[in-house]
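Student: Residue numbers (our numbering), protein chains in the order written: chain A, 2 to 349; chain B, 547 to 930; chain C, 3 to 132.
What the hints contain is simulated information worked out from the structure, not anything from laboratory work.
Incorrect hints may have been included.
With a Cα cut of at most 25 angstroms, we get these calculated BS3-like pairs of lysine-lysine [stated by the list, open to error]:
id: 1; chain 1: A; residue 1: 35; chain 2: A; residue 2: 330
id: 2; chain 1: C; residue 1: 56; chain 2: B; residue 2: 701
id: 3; chain 1: A; residue 1: 330; chain 2: C; residue 2: 50
id: 4; chain 1: A; residue 1: 35; chain 2: A; residue 2: 18
id: 5; chain 1: A; residue 1: 344; chain 2: C; residue 2: 102
id: 6; chain 1: A; residue 1: 64; chain 2: C; residue 2: 108
id: 7; chain 1: C; residue 1: 50; chain 2: A; residue 2: 60
id: 8; chain 1: C; residue 1: 50; chain 2: A; residue 2: 64
id: 9; chain 1: B; residue 1: 852; chain 2: C; residue 2: 102
id: 10; chain 1: A; residue 1: 60; chain 2: C; residue 2: 108
id: 11; chain 1: A; residue 1: 330; chain 2: C; residue 2: 102
id: 12; chain 1: A; residue 1: 330; chain 2: C; residue 2: 56
id: 13; chain 1: A; residue 1: 166; chain 2: A; residue 2: 285
id: 14; chain 1: B; residue 1: 908; chain 2: B; residue 2: 771
id: 15; chain 1: A; residue 1: 34; chain 2: A; residue 2: 24
id: 16; chain 1: C; residue 1: 113; chain 2: A; residue 2: 64
id: 17; chain 1: B; residue 1: 559; chain 2: B; residue 2: 722
id: 18; chain 1: A; residue 1: 223; chain 2: A; residue 2: 264
Some, not all, of what chain B presents toward chain C, calculated at C-beta under 10 angstroms [to be verified]:
id: 19; residue: 666
id: 20; residue: 671
id: 21; residue: 700
id: 22; residue: 901
Even glycine gets a Cβ: it sits at the ideal position worked out from N, Cα and C.
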Amino acid sequence: MAGIIGYGAYIPRNRIKVEEIAKVWGADAPSYKKGLMLEEKSVPSPDQDTITMAVEASKRAIKRAGIDPREIGAVYVGSESHPYAVKPSGTVLAEALGATPEVHTADLEFACKAGTEGMFIALNLVRAEAIKYGLAVGADTSQGAPGDALEYSAAAGAAAYIFGKDHLLAETLETFSFTTDTPDFWRREYQYYPQHGGRFTGDPAYFKHVIGAAEGIMAKAKMKPSDFHYVIFHQPNGKFPFRVGEMLGFKKAQIEPGWLVSKLGNTYSGSSPLGLTATLDIAKEGDMILIVSYGSGAGSDAFIFRVTSRIDEVRNLAPRTRDLLDNNKNYLDYGVYAKFRRKIRKAE
Amino acid sequence: MRDVAIIGVGMTKWGELWEKSLRSIFVESALLAIEDAGVDRIDSMVVGCMSSGLFIGQEHLSSLLSDYLGQNPVPASRVESACSSGGLALRQGFIEVASGMSDIVLVGGVEKMTDVTGCEATFALGTAADQEYESYHGLTFPGLYAMMAVAHMHKYGTTREQLAMVAVKNHDNGSKNPLAQFPFKITVEAVLSSVLVADPLRILDCSPITDGAAAVVLCPADKAKAFKKPFVRITGTGQATDTIALSSRNDIAWLESTHIAGSKALAMAGRKIGDIDLFEVHDCFTIAEIMITEALGLVPKGQGGKAVAEGLTARNGKFPVNASGGLKAKGHPVGATGVAQAVEIVKQLRGEAGERQIKSAKRGLAQNMGGTGGSAVVHVFEAE
Amino acid sequence: MPTPSRYWREIPQRYRLEAGKCQGCHYVSFPPRLVCPRCGGREFVPTKLAERGKLITYTIIRVPPEPFEDQSPYAVGIAELDDGVRLTAQVVDCDFAALKVGMRVKTEFRKISEEGAAGVIYYGYKFVPE
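Using the sequences and the accompanying hints, generate a full structural model.
Tutor: Structure representation (structure tokens):
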């Protein structure tokens, strides 16, 4: 049986509130907050990017896994904000961890589900016994176009998972992926900001695929919503996870522990993976957890995990996600935020 | 080894010399020194310059400057040890004469710093630090000295006001130096309200970016009497190195290379620190002067701040430091500084220092250092 | 600015803080060297620096050199790590007013600078409050 042997999270300490963004664009902050169920989001410092966050999240995963990084056979970084268009984030990560040179690396991209893609691949390489341990990271510092609805939610964060067959903290019981070609949100090469189809990103995109993957995995595993202690859905805003949960038959209490978005924003490839880290931080032996990611374009990856007793030994070996989210915050005004996110045009 | 004398000195006004190139700045000072000496030939040239390559894209100064001085085919060398390049040039020239290798040696120092932007100049000066483990992280020279200041203030209680007093004293001296870049007085209030460069150092704690050159002519002491002016002997020279990176020093609030170089120079001269009448030291930043006075032994370790506050190093104090105005008021064209220190001391020992003359000065000491103290060169001078 | 080769050569130090411990006197050199500066020894054992330490000095750079123009003002400091080795790096995620000698810090992987919009990105270590 293969599963998770280590997990780690990283969230930058900077935040910006919805009100701060709304006032610059003349938008009605209360209605954005209510409509999106969003209060504030994380902002990376100029010296942070997908790679730096992936390194720190992965180091935390290694601490919990208690392994020698040289035994990591594969490193996958899923992001839609890789620092280079050509030159892998994975090689910097693998080098920083000391997993090189005997390691397979690939960078993945699938809008917000690139993190769970890496998890799917690492898990199955371990199951196939092609590698001993596999590391998968979902990390993003994505941008929303200034004044666009996505600017309120596009945030930064990273979650790392190490898969193996021994000393598991969570067994992987089942996986299911649901994929179609659906152009709901995209970014062409050389464009700085993505574009999206407005309300088209709802029912035919997010809801169709999340529901498709959730129903698919539950059918495959012969389980129903009440069999799960916790469920984590991709969190593009505060409302969608609760709505899809309700549509599927899940209760709010199952969703809340992994629901970080109102204070974090949408960390894209880190979104549901970070929600899972927060859930593992409080889970107990025997808990059943369902995670369903969503990536525009479009697709969802679903996983069912069952927590083992080892979670109690390792959860405190690295910072808890809620602590990273709630403590030591540094609030920015829009000017500093725009400077940090390079939205200000400087001299060539 | 033969005794070595300085028989001529030359220096033009320092500042932002927009109309002058490196070659013309050097040649003008060199010609003044040669004329002051009254020599009709030179046997060799040694030039100190830190970074002509980064500032103006020009290396091979040995050829360029001997050419433009009209001295081809005279042997010429360019030496570099960051901000102590000038002092190093003087030492190398001294060695050539003392060894008998050459009789008349022209020693010069020059730096042309204003043909690049402020950021580029900061970068060029930063090459005196550890590129991979200090400059790589965004450190600058004001930043490195600021860290030394913080450590010194934490360890000994040196105050912000004491640092400011160094700048005020040196401007007071520099206001009487017609060749200084900033020949005017400043106040402690002005220093404390000037813009921050690297906390706690403010712009008025820092020596400026300057274009300038200085030159001296050396010859064996037993031949010096033949020349027109009273000559000055170089009776001691000392040089030492220390770690390139500040973090590797045993004590980041102490200048060990200056301590060693100073001890060696004084030992060679057969003198104690109390025998010296005036000092020209490397006040690249105000904290540097405070630490140098301790390293040379003018004051006990940690007491440098107190000393300047008590006027010990003023022109009329027990140990006059930087009567020329120091790097702060005179300017700091990096490679020229060490040579200009010698020019000042010679003028003082000849009684030619005008309003800033130290009475009955017979012996002087110049201390020149590179980087955060990775190199130091000290010379002792005595009147004929 | 460093060329890729100059940066790449120091990666074991920049990414993993790999140092060399002298077999003779146990002095740890960072970066590793060929000659021990304490005893002149030539035999070393690879070692990694401690992750935590305390600041022994710091400053705030307000006039930056060329590649750091956009970052100013930023804090830098020298930390004495818990293994006795001293390290120089920027101090981030810390209000300037909170900086003090003796403050506990730990190392974190961050971007140091980049060669413009099209050049190599330089990574390395910085200090964050512990």
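Student: Now look at each hint and say whether the structure bears it out.
Tutor: Tested hints:
no.: 1; hint: A:35 to A:330; verdict: holds (23 angstroms)
no.: 2; hint: C:56 to B:701; verdict: holds (16 angstroms)
no.: 3; hint: A:330 to C:50; verdict: violated (31 angstroms)
no.: 4; hint: A:35 to A:18; verdict: holds (13 angstroms)
no.: 5; hint: A:344 to C:102; verdict: violated (33 angstroms)
no.: 6; hint: A:64 to C:108; verdict: holds (16 angstroms)
no.: 7; hint: C:50 to A:60; verdict: holds (15 angstroms)
no.: 8; hint: C:50 to A:64; verdict: holds (16 angstroms)
no.: 9; hint: B:852 to C:102; verdict: holds (23 angstroms)
no.: 10; hint: A:60 to C:108; verdict: holds (14 angstroms)
no.: 11; hint: A:330 to C:102; verdict: holds (20 angstroms)
no.: 12; hint: A:330 to C:56; verdict: holds (22 angstroms)
no.: 13; hint: A:166 to A:285; verdict: holds (20 angstroms)
no.: 14; hint: B:908 to B:771; verdict: holds (18 angstroms)
no.: 15; hint: A:34 to A:24; verdict: holds (13 angstroms)
no.: 16; hint: C:113 to A:64; verdict: holds (23 angstroms)
no.: 17; hint: B:559 to B:722; verdict: holds (13 angstroms)
no.: 18; hint: A:223 to A:264; verdict: violated (35 angstroms)
no.: 19; hint: 666; verdict: holds (6 angstroms)
no.: 20; hint: 671; verdict: holds (9 angstroms)
no.: 21; hint: 700; verdict: holds (5 angstroms)
no.: 22; hint: 901; verdict: violated (34 angstroms)
In the structure shown, a violation is registered for the earlier hints numbered 3, 5, 18, 22, in ascending order.
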